[in-house]
Each structure stands twice: as C-alpha cells, then as structure tokens.
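Protein chains: 2
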Amino acid sequence: MKANNPRLTSWIPVPENSDFPIQNIPFGVAKFGKKTFVATRIGNTIIDLHKIAKLGYFDVDAEVFNSQKLNKMMLLGKLFTRQVRNEISDIFNSENKEAQANAKIQEALYSVDEVVMLMPVRVGDYTDFYSSEQHAYNVGCMFRDPNNALLPNWKYIPVGYHGRSSSIVVSGTPIHRPKGQQKPNDNEPPVFGPCKLLDFELEMAFVTYKGKPLGKSISTKEAEDYIFGMCLFNDWSARDIQKWEYVPLGPFLAKNFASSISPWIVTLDALEPFRVAGPVQDPKVFEYLEYEGNKHIDIKLQVAIQPEKTTEKVVSNSNYKYMYWNMNQQLAHHTINGCNINAGDMMASGTISGNDENAYGSMLEISWKGTKSVKMNDGTERKFIQDNDTVIMRGYAEKDGVRVGFGEVVTKVLA
Amino acid sequence: MKANNPRLTSWIPVPENSDFPIQNIPFGVAKFGKKTFVATRIGNTIIDLHKIAKLGYFDVDAEVFNSQKLNKMMLLGKLFTRQVRNEISDIFNSENKEAQANAKIQEALYSVDEVVMLMPVRVGDYTDFYSSEQHAYNVGCMFRDPNNALLPNWKYIPVGYHGRSSSIVVSGTPIHRPKGQQKPNDNEPPVFGPCKLLDFELEMAFVTYKGKPLGKSISTKEAEDYIFGMCLFNDWSARDIQKWEYVPLGPFLAKNFASSISPWIVTLDALEPFRVAGPVQDPKVFEYLEYEGNKHIDIKLQVAIQPEKTTEKVVSNSNYKYMYWNMNQQLAHHTINGCNINAGDMMASGTISGNDENAYGSMLEISWKGTKSVKMNDGTERKFIQDNDTVIMRGYAEKDGVRVGFGEVVTKVLA
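So the protein sequences, as listed, match chains A and B.
For the first sequence, the numbering used here gives the first residue as 0, with consecutive numbering after it.
For the second sequence, the numbering used here gives the first residue as 0, with consecutive numbering after it.
This is chain A alone, in the form it adopts within the complex (with noise of 0.2 Å):
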C-alpha cells in the first residue's frame, strides 16, 4: 500500500505523537456549521471529501461523500476506499505542492476545534465477540470456579452474541445511567432502581462492508475484503442488571442501554503495517477457522477515568493484540451457518484484557467484583464508574516512526 509509506510526509502539520499522519487517512462524518460531510483527517485538519471529490478526484459522483453516514461511500466496496485512500495520499504529501497552492483544496480544510464530529455509520446489524482469553479467565474464576475459568465451548468457538445497534453513540455523547432490575442478594426477591455496578468495557470494533447473499460464508482467507476498518468501542455495562438477567439468553438490558465508539474508522489498510502474530490456538480449530499469516494486530490501548473535578487517572493499558481469535476468524465464523452481513454492520471485540493486572479492561476485572479499588487523583475511589465520571479510551499502534492512531472515545455518565 503505498499510503503506507512510513517516509511519507504531508505538507498539512502533523503535531509530534499525532494519531493522524498521512499514513492514517481514516474515514469519519463531520459537521461546519450546518454541512454534515465525510471527512478524513490529518494532523488537527480535518478534510471535507465531498469538496474534494467535486474537484473530480476520485473518479466517483461526488454525492457519495455528501452523505451523513460512511455506508453509501462504504457500499462502493475495498478497492474504492483504498482508491480513496492513495488519491488522499497523492493529494496531502509534502511533494504536492500544487495541491497545497490550489486555493480550491484549501478551501476544503478546517481545524479540528471548528467541526462536530457524527455518528460515522448507520449500523445495520451490531454483533459483540468474546475473545479475549483472560477477560473470559476473569470472568470465569469470579463467577464460577477458577480451576475450570473458561467454559468447554470457549476455544472451539469465538463466542459472540448480537447486541443493539439503535444506541451505539459517537464519543462526546454524554450517557444516562440505567435503571432496572438487580437481584443484590440471593435470599431476597429482586429490586428495582438505578444501576449500581455501572461499568465500562475496553473493545474494539470492526466495520463490514456488504457481504454474500443469505446462506452464503466467508472464509478467513476472505474476510478482509469484507472489512472496511476499525474503531474503539466501550461496550457500557450495567453488572448488576447483567447477573440477574442474563441467564438463560444472554445480557440484554445490561447492555443496550448505550455503547460509545471513537468517530474515526481507521482502514485494515492502514493497520497493516501493525499486523503480530496471534497466540498457538491449542485445541487445533476447526477447518473453518484456520488461517494464515499474522492476522492479529498490535495496538496500544488506554482507559482512563476522569471524575468531574480533577485531572484523569488512567486504569488499564491493554492492547488489541491480546485477542485469542482474530477478525477474520471472528467473520468466518459468524456466516459460516450462512448468515449475511451488510455495509455498516459493526463487530465488536469482547472486553481486551492483558496477562497483567494493569492490562485488564474492565472495572469488573480491575476491582476483582468490587473487592478492591482505585484511587483517584482527588483521593476519592472506584470501583465502579460514578455518575458524572468521565471515561475516556485511546488506542494507537506505532513502527518505523509511523503512529496511526484512534484518537479517543470519551463519554460523561450523567444521573
């Protein structure tokens, strides 16, 4: 891919540790003033690619970034977006000095501060995985019994379930704290009110585009052609509405009262350069979920908490390349029983969670069920998010000098 050139420069500024430099070009939807656009962005510039594409540069109706959503950009399917990509390249590098010149160019590019950024997709379909090995460790040494942590199905199957698409929010959307039912101790009748154990999780989320037709799969070899790119995900969790509803159909409630996403889907293209080997899957999987080559990526994950009245205090640092089952596996195995999948659908990772104790990405984990807490930079502690806390995830990877990054997906709980 040549936009990956680690030696490529833009004539745009790039601040120094910027997720953002030329080698990024993620997709996103912003808004100035009244205009809603898909944009891309580099350094603290972002690019109205509707202008752009109306300078005739990317060989498509220009309507196709007029748009409030990345799907009718994201239907024209992989070689488009990476067309895109290079033409974004050739356009915003040092050595394109007519571009920087072209009064028209300039025309399409505002500061960060000036935009709003928007819910970058219109999900379709919205599914979580479970696939890091200590996160479900974790959950199975606190809830069942720690000499069997991990369920029997558990590495034959990336384990998933379907969650709710209608209240994944774009990072700056503050969340409400949910209320329903909690069952707090075993002898008594359940309750009901606010929830108590609100918590976050650190994910990642990858984004599809349209698929086979209905009772058709695809492999791993396939599955990144079926990938448009990436995002961090914090998948909200209510834990005391999830134990006492969960069983026998999964989370629901506990779940689907808001998830929070970074607004800027960073291209597989351009995670390439990050790709790591992934860990010796023992059992040996099913043919179905065999593949080849690094399928994992490395990319340095942050949680942190910011209470209202101090500075924040960072409580994990995972990274991506944790995941026991990757992306292509994870998509195999959703539509090897011939499910379809559409432009827009959105796959989230299950909780990453590291080896180490500050690698774990959860409350649940962190403060092992709420036996231990974390102290703040005002010297109040948590062992779950309060109201008005503000959580905040990074994620970026870096080689060869080149950091491609996420920025942030930062969300206030209110009452």
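Hints are computed from structural coordinates only; laboratory data are not their basis.
Be aware that one or more of the hints could be misleading.
No copy is singled out in the list; a pair is fine if it fits within one copy or between any two copies.
DSSO-like, lysine-lysine: derived pairs with alpha carbons at most 27 Å apart [what the hints assert, rightly or not]:
(1) K299 / K215
(2) K299 / K195
(3) K411 / K215
(4) K50 / K398
(5) K215 / K242
(6) K294 / K96
(7) K1 / K195
(8) K34 / K283
(9) K294 / K33
(10) K71 / K30
(11) K178 / K371
(12) K68 / K53
(13) K209 / K68
(14) K182 / K154
(15) K209 / K71
(16) K50 / K34
Assemble the complex: chain A is given as a structure, and chain B must be docked to it using the hints.
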C-alpha cells in the same frame, strides 16, 4: 375505530374465511412487474396505495407510498396510519359506489396472483422475547429440572435477547439448512457439519414506530402509541448448534441464519376488537410492568409441515393469548433502561406454546426433545424438520363474524 365496524362490507369481493376483510386493511410491500409499492389487501385483491395516494386521498406526499419498505410511512406515526386505514375503509366500503365506478381506483387493484410480496420493513434492531410460560416451562423440564423448570428471573423479567435483523426474510423465501459446530456426545469433542436438529418456533412479532430519545423510557400505558402492527414470525432454530454455543451469552448462530415473517403487517388498531385479559401475574410485577385493561390478543395460530411430495400435516394449534407477558410489558421493559427504538424495529414474542400438547410451538416440544415423532401424511415421521420440508404458519383472530388474519408464512428448507 370506525374501520373496525363489523357491519362494514367491501365492494371488493371477500371470499369466506378470508383473512382480509375490509376490517383488516394491513400494510405490506408488493411488486407488480418492475414497480414496487406500499400496498394493502382486501379479499384476494392487492391495492396499490401509491396510486391511491396520487389521487389525493391521504393528505400526504404520495411518495411516502412509492417505497420498497414501510419505514417511510411509519415515520409519520400512529395517527397517520390510522387516518390512512380509515380512508381506505371509506373508499372500499360497499356504499361507496362512486369509488367503485372510478376507473383510476380500479387501476390500482391487482389480483393477489399478479404480485409478489416483498419484505415489508427494513428492520433496524430485532429483539426476541421468551414470553410464553408453557414454552419456558417445557424447555426447563427438558434441559433442567422439572421441579424448578422456570428460572428464578422468569416471572420478574420479560426475558429477551437481541437477534439478527439482516437475515429476516419474507414468506416464500427458501432457507438453507445451516452448518455449524455441535457436540452430540458429552464426553467427546465437538463436531462440525450440517445442523441435524432444525426446528421452527411459532412466534408473532410487533413492529415499532420511532420511539423516544436515548435515555427515556416508554411506559406500559404509552406502549401502543409506539406499536405499528404485527406479523407471524418463524424463529428458525438449530437446536444442536444452540445447545453447544449458547452458554454464557445466549443463542447466536443457532438462530441468525434465518427468520421468516408473513408479508402483511396487521395494525394494532385492526386487532383491537380481539383483546382479552392476560393471566394473573404472580408474583406481582414491578410497577413499570403493571398495566391496565385487556392487553392480550386472541389470535389462533397454526403450524403445518408439508413434506415435498404429500399434503401438509398440522402439527400445532396454539394462540397468541397464551402469552404471560404482553407487548406493552415487553416494550416497557425494553426501554426501562433508556434503550431507544426506531421505526421498523421488530420484537418477537418467543415461541408461543399452550398448555395442551397440541398447542406446543416448536418441534423440540412436540417431539419432546426427539423422544417421539409425528407422522406425516405419506407415512414418514418427523422429530425435527427435514430437507425439502415446507413449514407453514397461519394466524387469525375472529369475533362477531369478522375474521382478521395474517395470511401465511411459508418457508421451504433447502439442503
């Protein structure tokens, strides 16, 4: 509702035992030649509502009915649907000789054989409840303990889970037997192959209007303002895949390969005359689940299996009134945590089983986990659904000589 008047008759012929008298006026999407339009049906006549709207009857831009889905119309809300239904009732009732003589109106009529019915709704999120007590009891008896068949949360929570919307198909669409992992022997590793225990689930679903913003709840009292109408729903289930995958996060590939619906959405208004009281709920439910009045509906339901080379065999006669939790409670529960709903969301009932063995709504229950079989008319036996079998579900309500029905959902299973 004046359109419900049992004395009304239509100048369009309505055969005896038709599900579609002038008191029904359901909504669907039909295709005639290359044109797709929003339609209703009286007797065996399909009415092109786009053409009727262009005559100025509905006081709205006719383009609302020039659509491949009902969603655009649903966005106009309940009062608009009600107005349209009353208007159609006026145009087609026997006393309206003028309309009958109007050539423009006659041009909007097609025979049911001339059109193809399409998927009526673009489903946003799909939720499946588990609200029939007898079904939950039967499953509990088979897989857990007959003395504690209902799980502790069942009478407190209208248990539900999220399903897959992309694979919901309309009656007439054949489905493929899914492949997947199964674990037939407890002491041996899982195997991979075509599902051996393919089952239907007799359900009904309701379709919603746009709800409140994220963070707000819909009360049981308000629920009907947000419900557009109902259809028959066959929640296809692969029992062997389900058993191996569903712990701890619920059914996934066992369900998401396909669900089948009947093509007509019968409005809640049309079903109003058939309301009946629900069961006494003990223990008392939480306040947000309390309701007043008759909120259950007496809808006779039937399932038949038709093997490839013989006549159909009826295997179940159930009724929607057997539900423990009604739609008002389901919707109030779904939103009590602030979860938002959109126009076109679909919420299914869960398998509807009556107390009587003849009223069980799945082969799992009818064959009691495969321990007994049902004889077909060609002498072959069924414990589950075989390749090339066609499953047919029907439903109608009847009172005061008026029968309001759903037609059929007919689905052939391919190898």
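Here's how the hints hold up against the structure:
1. K299 / K215: Answer is neither: 35 Å inside a copy and 36 Å across each miss the 27 Å cutoff.
2. K299 / K195: neither (30 Å within a copy, 43 Å between copies)
3. K411 / K215: between (41 Å within a copy, 17 Å between copies)
4. K50 / K398: Intra 32 Å, inter 62 Å, cutoff 27 Å: neither.
5. K215 / K242: between (36 Å within a copy, 23 Å between copies)
6. K294 / K96: So K294 and K96 fail the 27 Å test inside a copy (37 Å) and across (70 Å) alike.
7. K1 / K195: Answer is neither; intra-copy 50 Å and inter-copy 49 Å both fail.
8. K34 / K283: neither (52 Å within a copy, 52 Å between copies)
9. K294 / K33: neither (41 Å within a copy, 45 Å between copies)
10. K71 / K30: both (17 Å within a copy, 25 Å between copies)
11. K178 / K371: Cα proximity of K178 and K371: one copy only (25 Å, versus 45 Å across).
12. K68 / K53: Intra 18 Å, inter 32 Å, cutoff 27 Å: intra-copy only.
13. K209 / K68: For K209 and K68, both the intra-copy (15 Å) and inter-copy (19 Å) Cα distances are at most 27 Å.
14. K182 / K154: Between. Shortest inter-copy distance 14 Å satisfies the 27 Å Cα cut-off; intra-copy 31 Å does not.
15. K209 / K71: both (11 Å within a copy, 23 Å between copies)
16. K50 / K34: Result: close within a single copy only, 11 Å intra versus 35 Å inter.
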